[in-house]
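A.B. asks: With the hints as your guide, set chains R and P onto chain X.
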Amino acid sequence: MSALSFSSFRRVGWISLPLAVGIAIVLFWLVVTFLAPVMSSYDPIDMVGRRLQAPSWQHWLGTDALGRDVLSRTLHGARHSLPIAVIVVALSVAIGALLGAISGFIGGLGGAAIMRLVDVTLSFPPMLLAMAVAASLGPGLENAAIAMVIVWWPVYARLMRAQVLEVREREHVEAAIAAGASRPRVLLKHILPLCWTPVLISATMDLGQVILLAASLSFIGLGAAPPTPEWGSMISDGAAQFYSWWVALGPGLAILTIVLGFNFVGDGLHDYFDPKSK
Amino acid sequence: MTRYILRRLIAMPFLVLGIVTLAFLLTTVTKGDPLAAIVSDRQMNDPEAVAAAKARWGLDRSLPERYVIYVRNLLTGDMGTSFITRRPVAQDVLFRLPATMELVIAAMLVGSTIGIALGVLAAYFRNTPTDHLARFFALIGSSVPVFWLGLALLYVFSVKLGILPGPGRLDPRAALPPRITGFMTIDTLLAGNVKLFIDAVWHLILPAFVLGWAVAGTISRLVRANMLEVLDREFILTARSKGAGEFRVVIRHALRNTLVPTLTVIGYSFAYLLTGAVLTETIFSWPGMGSYAVDAARGLDFPAIIGVTIVGGIVFLVTNLLTDVAYVIANPRVRLG
Amino acid sequence: MRQEPLFSVQDLRVSFGRHGHQFEAVRGINLHVDHGEVLGIVGESGSGKSVGMLAALGLQAKTAQVRGSAKFRGRELVGMPRRELRTLRGSRIGMIFQDPLSSLNPVMTVGAQIAETILLHNSAVSKKAALDRAVELLALVAISQPDRRIHQFPHEFSGGMRQRVMIAMAVANDPDLLIADEPTTALDVTVQAQIMDVLGDLKKRLNLGLILITHDLGVLAGHADRVAVVYSGEVVEQAGIDDLFERPSHPYTRGLIASIPDMSEEKDRLFSIEGAPPPLGRLPGGCAFHPRCPQVQPICRTAAPVLRTYEGHSASCHFADIPAEGAA
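Residue numbers (numbering that gives the first Met the number 0), protein chains in the order written: chain X, 0 to 277; chain R, 0 to 336; chain P, 0 to 327.
Chain X on its own, in the form it takes in the complex (with noise of 0.2 Å):
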């Protein structure tokens, strides 16, 4: 035998303790989104003070430039950040999956075009795709979402082709095939349910991408519009006010923390089914 062996009794410490951490800190978001209003001290959108006043004990985070409470503004800031990132997601795996799943499994003409058509996309660099998109569209939060949809969904599509592709040739699908199943409940019963996991997981993943994305259209003043307290356009308010740092402070650690949670838990869900990695 080879002392190479020994390498399997390797402690497996790192696992657990991201995706621990990250479901902790996504947990906390999510409290956050729901009692924003009850936890935060001030309105979020009244002048509630001095204008650019620095953190202290009335305002933990200090004020803006038009005297709203930074604090109170960054935990609204997760009812929109969190809802738009669960949705453009969701939308984006719906849309991509069955389009990757009608490719894969019917493919032909449609299919190809398809893929065609998700080559094309993919080709842009994400954010300046969806740039041009959403400036196309006009600003507000909704355009911004719908701007992401349409950059982020071919990359389900082409995951879930991948993957019913490779699903397709198993055993238990050809024997289903032989036995006269329709191609719908071919694709729906025996192909779809096992095509899912990998998809979840980079859907996972890209909940922190997305609220990233996010963040900068309305950062660059594509996403939501003022006085609506979303982080990306909260840093924008802060590089108007470079001198005053607190201003960017909170929405800038909440973009931070909520993105690398989710990253943690993809990490911690990518090490879980792929063993290999750790």
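I should point out that these hints are in silico values taken from the structure, not numbers from a laboratory. Just so you know, not all the hints are guaranteed correct.
[Stated by the list, open to error] Selected chain P positions facing chain R (Cβ under 8 Å, derived; list incomplete): (1) L58; (2) T86; (3) S90; (4) M94; (5) F96; (6) S101; (7) S102; (8) N104; (9) D241.
[To be verified] Which chain P residues stay away from chain R? Per the calculated CB distances, all over 12 Å, these: (10) K61; (11) R85; (12) Q97; (13) H120; (14) D180; (15) C292; (16) R307.
[As the list claims (entries may be wrong)] Calculated from the model, a selection of chain R residues having no Cβ within reach of chain X, i.e. all distances over 10 Å: (17) T26; (18) D45; (19) I104; (20) P171; (21) G181; (22) L262; (23) R297.
Just so it is clear, CB atoms sit at the ideal spot from N, CA and C, and this is done for glycine as well.
C.D. replies: Below, chains R and P alone, put in the same frame as chain X:
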């Protein structure tokens, strides 16, 4: 191998046409009204002025007509005229491309250096505090919004500590070197001005780090996974049995064996860099394509938006092609088609 | 006065794990080999034979702890600073491993890999000279057109040729000791004999001490001078090769001999020892071999046998045909 490259080259024009079509469709078949960008509110009530503007910018024609005209013009290098700068979009984009390229290349250098170093460290010290710390640092890079990080670092290093310069490509008081390549680092050197060259490099550090850190996470994750696999291979034991030192074993034997996937992920990370460059340029007042795109999007400058999106797509396409070709060349055992 | 052997191992122990979950993979082995001598170490996978030899050269896994003594030309290797140990590896002590494909670096030319071994230990030698030497070495292990083949990559060689490359690399600096870990296991039967011939030839030419680690006692016949049989991290029998084949004293050794495929006799089924070696860390009480021993007696389950030696033949079995008070 040659056949594979040829096939990819033949597919290129079709993909480019796809890019052009998609960019055109996505930005025109929408409810956004480009007129609002050209015509002032007062003129909006004047039907004649509106009609004149429509005719001037070709908005009075049908969509398919406009598409055909656009593609035909594009073939001659004409991307239309920017609503805002009133200059040809192609000229604007070409003028700004070098600044973006300079930033992206610098960021790629920073990102791959950090990413490879973190990945190697994490793999070599797997499951130790070093590994956890390296992975955490990398993960932060891919989680932090670049526009916020840029602001924070500018505030800390430029305003508070004063050790790094503020935004821009050069000291605003300095006289610009004659523009030859558009790369500030190269142009200053060509002008024989070493002091200005150092200033240019100095100005690159923060934006390149902000942008590079973002891709360092992706790179380090991949390097770590590949290194873990390679370090468990038998030839590593052979290298040690030859009396090679650990540094040599890790770099020359293990890392060298992960070169192909590492180069590949660095090549693909270009997409992230181009995406991140849009925002980094905005924060650092970097006069590149990214800030041009942001200005265009904010000002509903449609010719510029379409143009910059198409160019971004083509740059991206070419980089990915080059990456794939490099992959095939660097890996003699892969024989694709 | 007895001269100090070239390489000797005394009570070598290698353990893995930490905090109470420790187990020993090598439980105190004693061996020695001299210039021009071939020592065979035989045992099943997981018996600890490779782990022990690697550990003696400081090549153990990071999680392993090594105790005991391993001396090379009078110098203690266990606990020797890594830097010093490195000057011995590849220079005075060469190693060959089982699978020549995975043992060679796939992205370096064969010549560069051989030259590296030379350059690592001779700072005065130029790259060119090292490559010239690599050509000579390939010729030495009977590879044709060596000047052309040094520019090739491992995947362009056949299995047997790769193992020759490994051997050339291992002897590049005229070592005193060569440790070959299952050098023929991954090869075709016909190639196996060739490789063994190359090794035997080199041993004679370079007056090497050679340690042949294998799971196949048959490989050692006709090549080894002495054999150590390892079971569950211990040497259970050690003797001159003829002595061992004529008078095997341990039932495990007898089992190994019986399981050598015999070309002359047509047997329907190959004999094999029943059961599997015990998992490390959960050794049975008494003699470690007792659950698989065909001659097991009550005492075997309770008391561990002591290694007894008589006229250079040692064995640890309660029923070994060796006098209790050996004249060793």
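A.B. asks: Take a quick look at R85/P and tell me if its Cβ sits farther than 12 Å from every Cβ on chain R, holds or violated.
C.D. replies: violated, 5 Å
A.B. asks: Please verify that hint: S90/P, Cβ, nearest Cβ of chain R, below 8 Å or not.
C.D. replies: holds, 6 Å
A.B. asks: Is the claim that K61/P lies outside the interface with chain R correct, judged by CB distances over 12 Å?
C.D. replies: violated, 9 Å
A.B. asks: Check the non-interface label on G181/R: least C-beta distance to chain X beyond 10 Å or not.
C.D. replies: G181/R is indeed farther than 10 Å from all Cβ atoms of chain X, at 20 Å.
A.B. asks: Test the statement that D45/R is away from the interface with chain X: the closest C-beta pair must be farther apart than 10 Å.
C.D. replies: holds, 23 Å
A.B. asks: Does N104/P meet its interface restraint, that is, does its C-beta lie within less than 8 Å of any C-beta in chain R?
C.D. replies: holds, 5 Å
A.B. asks: For Q97/P, which was marked as not at the interface, is the minimum beta-carbon distance to chain R over 12 Å?
C.D. replies: violated, 8 Å
A.B. asks: Classify the hint on T86/P as holds or violated, based on whether any CB of chain R lies nearer than 8 Å to its CB.
C.D. replies: With a closest approach of 7 Å, the T86/P hint holds.
A.B. asks: Does the nearest C-beta of chain R fall within a distance shorter than 8 Å of the C-beta of D241/P?
C.D. replies: violated, 32 Å
A.B. asks: Should the label of I104/R as a non-interface residue stand, given a Cβ cut-off of 10 Å to chain X?
C.D. replies: About 16 Å separates I104/R from the closest Cβ of chain X, which puts it past 10 Å; holds.
A.B. asks: Restraint: S102/P near chain R, CB-CB cut 8 Å. Satisfied or not?
C.D. replies: holds, 5 Å
A.B. asks: Can we keep the F96/P interface hint, with Cβ of chain R closer than 8 Å?
C.D. replies: holds, 6 Å
Going down the numbered hints, you'll see the structure goes against 9, 10, 11, 12, 13, 14, 17 and 23, while the others check out.
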